[in-house]
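Construct the complete structure from the given sequences, taking the supplied hints into account.
Numbering-wise (our numbering), the sequence shown opens with residue 7 and increments by one.
The hints are simulated quantities; they were obtained by calculation from the structure and are not laboratory data. The structure presented is a predicted model; accordingly, all values stated were derived computationally and were not measured. A few of these clues could be false.
[Claimed, not checked] Derived pair list, reagent style DSS-like, types lysine-lysine, alpha-carbon separation capped at 27 angstroms: (1) Lys-179 x Lys-191; (2) Lys-179 x Lys-100; (3) Lys-157 x Lys-35; (4) Lys-35 x Lys-119; (5) Lys-119 x Lys-225; (6) Lys-38 x Lys-137.
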Amino acid sequence: MKKTQKYRLFENGIDSIAHGIEHFLIGEKDNKNFKFAILHIFHGIEMILKEKLFKINPILIYSNIDQKINESSHTIGFSNLVIRLENVGIKFSKEEIETINGIQRIRNQIEHKDMLFGIDDVKFKIGKSIKFLINFMRDELNIDLQNYINKDNYKILVTMIDFYDEQVKIVEKEIEEYLKTFDPKDRQSIDIFFCPYCNNRTVIIEPDEKGFVTCHFCKEDFTLNIAMYVGYLY
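Take a look at the structure:
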């Protein structure tokens, strides 16, 4: 296997992130660019995750490692990346796994639905994902993302991360205040699940909850069954 392929994965990932930022900057002129910003940046994250597998053993980036590998062999899909990485000893927190799986869900939604995004929604999704990527690159690849993209683009990413952190603090405070309205004994039986729309752990499930529930972050309403399904997944 050619050594240059190692660098192609990483470089393609960095290039995709740069293209995503370019689309973000013109997103307010044409909303479709917000969609492409998310897709490009998420593709970049996928490539860099695969780079970790490649560094361990080049064969690990392929979907079927029990067959003879050639130029037409398919690489592992995004949906199986977490399992493959965990199988080779990479440890993820529950929140990190949800972030990765959330990336896949959002990509699927964009690819199969005609979706429009507001600028704050895009900043939140990208900020959350890039924050994960920066930590992953530092811990698993010993690489600092800011050394591979220009300063202006990195500042944009940091701004998105700051926006994400700020919004999370606001919603966490809101949930904290909401839970204070319950008797302390009742709070123990309240669950907080991940939202299937915004991918944040901001859905409160009360013991006697029936029918629909609401995400405290994105304010989307959905059935309790969906909330429970997503909650059990993660």
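Quick rundown of the hints versus the structure:
no.: 1; hint: Lys-179 x Lys-191; in the structure: holds, 20 angstroms
no.: 2; hint: Lys-179 x Lys-100; in the structure: holds, 21 angstroms
no.: 3; hint: Lys-157 x Lys-35; in the structure: holds, 24 angstroms
no.: 4; hint: Lys-35 x Lys-119; in the structure: holds, 21 angstroms
no.: 5; hint: Lys-119 x Lys-225; in the structure: holds, 20 angstroms
no.: 6; hint: Lys-38 x Lys-137; in the structure: holds, 24 angstroms
Of the numbered hints listed earlier, not one is contradicted by the structure.
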